[in-house]
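*Asks:* Listed below, chain by chain, are the residues.
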Amino acid sequence: MSQIVKGLDSSVHEAQQIFRLLMDAMAKPGLVVEVPSDVQFGEVSAAATQLLLTLSDNSTPCFLSQRYLNDDHFVENFRFHCAAPITQTRELVDFALISGEEATTFCGFATGEGSYPDKSASIVIEVDSLESGIECLLTGPGIQTSSSANIKGLSDELLMALISGRGTFPQGVDLYLSSGHQIMAIPRTTRIQLSTGEALCTLQ
Amino acid sequence: MKTEHINQRRQWMAALARCEHHALSKYWQQFGLNPKYHFVREPEVGLAQVRARMGSTGNPFNMGDVTITRTVIQLDSGELGYSYITGRNKAHSEVAAVIDALMQTSLQMDLQERLINPLNAELAEKEQSRAKQVSASKVDFFTMVRGEDE
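Protein chains in written order, with my numbering: chain E, 7 to 210; chain R, 19 to 168.
Derived from the structure by calculation, the hints contain no laboratory data.
There's no promise every hint is true.
Quick list of in silico lysine-lysine cross-link-like pairs, DSBU-like style, CA-CA up to 35 Å [unchecked claim]:
| no. | chain 1 | residue 1 | chain 2 | residue 2 |
| --- | --- | --- | --- | --- |
| 1 | E | K158 | E | K12 |
| 2 | R | K20 | R | K44 |
| 3 | R | K54 | E | K12 |
| 4 | R | K20 | E | K12 |
| 5 | E | K12 | R | K108 |
| 6 | R | K44 | E | K12 |
| 7 | R | K108 | R | K20 |
For each label pair, taking beta carbons as the anchor points, the in silico distance ranges come out as [said to hold, decoys possible]:
| no. | chain 1 | residue 1 | chain 2 | residue 2 | range |
| --- | --- | --- | --- | --- | --- |
| 8 | E | T111 | R | G105 | 48 to 54 Å |
| 9 | E | T111 | R | K54 | 45 to 51 Å |
| 10 | R | R36 | E | Q22 | 33 to 39 Å |
| 11 | E | G120 | R | Q26 | 54 to 60 Å |
| 12 | R | G73 | E | E82 | 37 to 43 Å |
| 13 | E | E137 | R | L125 | 47 to 53 Å |
| 14 | E | L75 | R | A142 | 42 to 48 Å |
| 15 | R | S95 | E | G171 | 47 to 53 Å |
| 16 | E | Q9 | R | T104 | 25 to 31 Å |
| 17 | R | L125 | E | H19 | 33 to 39 Å |
All residues carry an ideal CB built from backbone N, CA and C; glycine is no exception.
Using the sequences plus the hints, can you model the full thing?
*Replies:* Here is the structure:
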C-alpha cells in the first residue's frame, strides 16, 4: 500500500506564508520562526518537511543523508510532492537535508563561483532542539549588535564546521537548522562564536 | 505491480482522460455512488511540453505546450486515484481520479462494464467519424522519382 499522504492544505498560500517566514529567518540570523502547518513526512521534522515543500521542485536537485534516504515514507512523499531529483553527488545539489548528529562536514557542497556566489547549496540540518543546548553568539549583517542562539544535537565536528568551515565570503553555504516546528537560518555572512570558553576547550 | 495490471490501468485512465466530461458525468451519475475521499493533490492546472518527430521517425522537436489538469485523491479505504487530463476542467479531473481509485476496488467489473466500455465505444465512434471526414478530403500526391537525391 502506498504511503503517500496529503501535503500542504493550500499549496500556494501556505507555501507563500512559509516562504515569508524563511525570508525573515534569513534576514535576521538567529531568529527562530515556527512553521504554521502540521505536515511532516516520515521521521523528518515538520519544519524541514515544509521548508522543502516550499523551496524545492523538479529543478532543484537534493541531497539526502543516509538516515533520510532509508526513510521510505519520507522519500516517497518527497518525490511525490516536490518531484526534486535525489542525488548523492554533493557538488550538484541546491538543497541538502542532513542530520546534525550524523554529519561531520559541509565539504563537497557547492559554495558558488567567484562571479556567481548564488550557485551554492542551502543545507537543512536537523537538530534536537533550538531552545536548549550549546549557546552560540551570532554577529554580522541583520543583527544589531549580537544575538544568541541555542543548538542541541550537533556532532562536535559539525559544530567546528559551523564555526569555521562554511566557505570564504562571498562564497559559502547557507544553513537552516530545524527542529520540530522551529527553523533558524544561518546565512554565510553570520559569524558564530561559542558563548563559553569551556565548550571550546572540550572540542579541542 | 504486474505489467498486465499496469496495462489495464493505463487503458481505463486513458478512457477517463480522453472522454467528454458530460459523457463521463452521465455514466457516473447512473451509479449513484457517493464514495468518501480526500484530496492528496487538489486539481491543479499546468503546462506540459509536447514533443513530436518529423514523419514519426525523425529527430524529436518541441511542438508546443498543452494545458493539463491533474488530481490525486485517496479513498477512505486507502486506494489512490490519479488523473491527468488535457484542458482545464477541474471537475472532470476530479471525477476521473475518483473513478480510477474505485477501479482498484471490488467495483472494478461493474465500472468497467457500465462506464469504461461505453466511453471507449463513444470514443471509437468519434474517431471513426473523424477519420471518415479526413479521408473524404484526403489528397494523394504522386511525384515522379527524379533520382537526383543520391
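*Asks:* Now tell me if each hint is right for this structure.
*Replies:* Structure-based check of each hint:
1. E:K158 / E:K12: Judged against 35 Å, a Cα distance of about 30 Å means the pair holds.
2. R:K20 / R:K44: With a Cα-Cα distance of about 32 Å, the restraint between R:K20 and R:K44 holds, given a limit of 35 Å.
3. R:K54 / E:K12: holds (15 Å)
4. R:K20 / E:K12: Within the cut-off at roughly 26 Å; holds.
5. E:K12 / R:K108: The hint holds at about 18 Å.
6. R:K44 / E:K12: holds (30 Å)
7. R:K108 / R:K20: Holds - the C-alpha atoms of R:K20 and R:K108 are around 30 Å apart, at most 35 Å.
8. E:T111 / R:G105: 48 to 54 Å: With Cβ atoms ~50 Å apart, the hint holds.
9. E:T111 / R:K54: 45 to 51 Å: Between E:T111 and R:K54, where Cβ atoms are some 50 Å apart, the hint holds.
10. R:R36 / E:Q22: 33 to 39 Å: holds (35 Å)
11. E:G120 / R:Q26: 54 to 60 Å: Given about 56 Å between the Cβ atoms, the range holds.
12. R:G73 / E:E82: 37 to 43 Å: holds (41 Å)
13. E:E137 / R:L125: 47 to 53 Å: For R:L125 against E:E137, whose Cβ atoms are near 51 Å apart, the range 47 to 53 Å holds.
14. E:L75 / R:A142: 42 to 48 Å: holds (47 Å)
15. R:S95 / E:G171: 47 to 53 Å: holds (51 Å)
16. E:Q9 / R:T104: 25 to 31 Å: holds (30 Å)
17. R:L125 / E:H19: 33 to 39 Å: With a Cβ separation near 35 Å, R:L125 and E:H19 satisfy 33 to 39 Å, so the hint holds.
Hint compliance for this structure: every hint is met.
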